[in-house]
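**Q** Sequences and hints are given; from them, build the entire structure.
In the order they appear, the protein sequences are chains A and B.
Just so we're aligned, residue 1219 is where the first sequence starts under the working numbering, counting upward by one.
Just so we're aligned, residue 2 is where the second sequence starts under the working numbering, counting upward by one.
Heads up, none of these hints are tricks.
Using 27 Å as the maximum straight-line C-alpha spacing, the simulated DSSO-like pairs for lysine-lysine come out as follows:
{"hint": "1", "chain 1": "A", "residue 1": "LYS1359", "chain 2": "B", "residue 2": "LYS221"}
{"hint": "2", "chain 1": "A", "residue 1": "LYS1289", "chain 2": "B", "residue 2": "LYS44"}
{"hint": "3", "chain 1": "B", "residue 1": "LYS160", "chain 2": "A", "residue 2": "LYS1381"}
{"hint": "4", "chain 1": "B", "residue 1": "LYS67", "chain 2": "A", "residue 2": "LYS1222"}
{"hint": "5", "chain 1": "B", "residue 1": "LYS196", "chain 2": "A", "residue 2": "LYS1310"}
{"hint": "6", "chain 1": "B", "residue 1": "LYS196", "chain 2": "A", "residue 2": "LYS1222"}
{"hint": "7", "chain 1": "B", "residue 1": "LYS221", "chain 2": "A", "residue 2": "LYS1220"}
{"hint": "8", "chain 1": "B", "residue 1": "LYS243", "chain 2": "B", "residue 2": "LYS90"}
{"hint": "9", "chain 1": "A", "residue 1": "LYS1254", "chain 2": "B", "residue 2": "LYS84"}
{"hint": "10", "chain 1": "A", "residue 1": "LYS1359", "chain 2": "B", "residue 2": "LYS44"}
{"hint": "11", "chain 1": "B", "residue 1": "LYS84", "chain 2": "B", "residue 2": "LYS371"}
{"hint": "12", "chain 1": "A", "residue 1": "LYS1220", "chain 2": "A", "residue 2": "LYS1310"}
{"hint": "13", "chain 1": "A", "residue 1": "LYS1254", "chain 2": "B", "residue 2": "LYS198"}
{"hint": "14", "chain 1": "A", "residue 1": "LYS1372", "chain 2": "A", "residue 2": "LYS1222"}
{"hint": "15", "chain 1": "A", "residue 1": "LYS1310", "chain 2": "B", "residue 2": "LYS198"}
{"hint": "16", "chain 1": "B", "residue 1": "LYS90", "chain 2": "A", "residue 2": "LYS1254"}
{"hint": "17", "chain 1": "B", "residue 1": "LYS221", "chain 2": "A", "residue 2": "LYS1310"}
{"hint": "18", "chain 1": "B", "residue 1": "LYS196", "chain 2": "A", "residue 2": "LYS1254"}
{"hint": "19", "chain 1": "A", "residue 1": "LYS1254", "chain 2": "B", "residue 2": "LYS155"}
{"hint": "20", "chain 1": "B", "residue 1": "LYS215", "chain 2": "A", "residue 2": "LYS1224"}
{"hint": "21", "chain 1": "A", "residue 1": "LYS1222", "chain 2": "A", "residue 2": "LYS1406"}
{"hint": "22", "chain 1": "A", "residue 1": "LYS1220", "chain 2": "B", "residue 2": "LYS67"}
Calculated from the structure, these hints are not laboratory results.
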Amino acid sequence: MKVKIKVKTETKGFLNVGMGPTIDLSIDNPFNRIVKDDEETIFIPGSTVKGVLRKNALSIIHTIPNAAPSKINELFGVSGSHHGKLWVRSVKINPSNIELLVLSRIRIDIETNRAIKKALFTEEVIPPMSNLDFTLELYSKDPIDLEIVLAAIKELNYQRFGKGGSIEVKCVSLEGVAPSVIHGILSKYNLRICDGGESE
Amino acid sequence: MSLLTLECETIEPVIIGDRQIKNIILSANSIPPNTVRGALYSKLVRENCDNERITECTSGLSEALKREIMSPTASFGPVRILKDGIESKVAHIFMYSDKMKEDYHIDTLRENIDRLTRGETVSDILDLIPEMEKSYPKSIGGRLIISRNGKIEKVSLLKWSYINIVINENTRTTTKLDEDVGAIFSYEALQPGLKFKQTIYIENERIANEIIEKLGGEGKHFTIYIGRGVTRGFGCTDCTVKKQALEEVLADTPNYLVKNNAVIAIAQTNIFEIKPSNSRHTLITTFPYIEKISTEKGTVLEIKKYKVLRSDLKYIWGKGELPAAFVKTEKIKSWATLHGPRPIIDSATPGSVFVYKTRETNDLNKTLRKIELTGANNLSRLGYNYLEFLKEDDFP
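**A** Structure (structure tokens):
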């Protein structure tokens, strides 16, 4: 009943998923952090990943045979109504594994396309070619649901992630689904299986 | 009759919304017992049922377990937060700290047990409020505390905040601030790493065994998801479960403090009782205390000739002159997934103090321990009416 999907990605540019509380006054837009037993972890909420996947699924669902648009609400849920079948875990990053950078940026006036005066701000970012892994749980036996999720994962290569960032999907691993089903869908979307990454 | 003990640790932030101030949803300071029940039972359905609706589930769960999930009979006890491996408990309302020196505590209940159990009139509630040397006392009733090396320590749960923005349902993009004032909101959550224990009393042995089997077996780790936002990275909690027979646990009971044929009970959860009303205008009346506590042997504890004192010093109920219940009240309401909203009820808050007269009974220690583990009455199935009785060891 449960398919566990692990996705390994790599950042292509500078990535920020900010809105954490300001601790260091020199950083306006830091990452969210969790401190446990004096150890700090960077925390990217699962809602960020789920939101991007939902948007991707909306844009590609018409390409999947027999996939009705109502599948999106079934998979991702409806706020205030029901949980979806797809559960997305948060991304936790050990800061010692990634060298976080602080970049200075300026706000641009959308109407004039010019920099707004005195609108400098600083942003904490994950640099390019950094690993970003996340885990999904799909509570469904329907192969169409699995195909929609994997297609949405593939679409991550072409869409924005976080604030102006982008990532590249390196490989996926699946647990709880037959190998024949895995190979069929993954080859259709040109997704690679991570080493040791398939089991029923 | 089995007792299952859950031992858990939160892996991700847990959002248990309590109240909202403007755009900030504040977290509760504890995990309600029923929240864990909901998380556990929904895991059983999600991972075992062939259909996502429990009412249409044809395989994966036995009929008995399905009935238990739809109409729970198991009693999920208070969630005991652990601090440095020590189980916390709820402070009673006569435990005070010095407002200017928060780590200094006085327990005035300790000095007044004889008066209270003799049924002596407490003519002035101020007798029970201590004087502090330099500042004034603040009751820590209802707060979580642990006792370590004879000292009382407050248990504070670390909070974490998460800022979010409203998403437009139609365009699936963030709402611009000028379109929707207040589009940015934040949640307060309990930080990961929170350890807690909970005891579950299940009468049906087979249901208890099936639950353990579905969770992977005794001592095996499994995950449940607690609170809000569980499908998007919040609430993940790692747990193990252990089973003991109730009789095995009751074989080793502490010595409870019994004075003048009375015991003193501290509310560990909200306390209330529902009775048919004598009025023509309402069907039921609720009370922030339980008048009689019974077991299969009959009534074992009773509040007699009582007056109920509210902690803001007003008498609210009285049948006699002798105060036997000291309560702080709050309204509670809840929601059942299958049955919808429940009525709003006046209840006594955790930390409220009750003086019960004991009836003649053998094995009083065993009876009191059973009431502590399984709850005071059938409302314990909803996570209410759990009491802890004062023990002789509490006052060495």
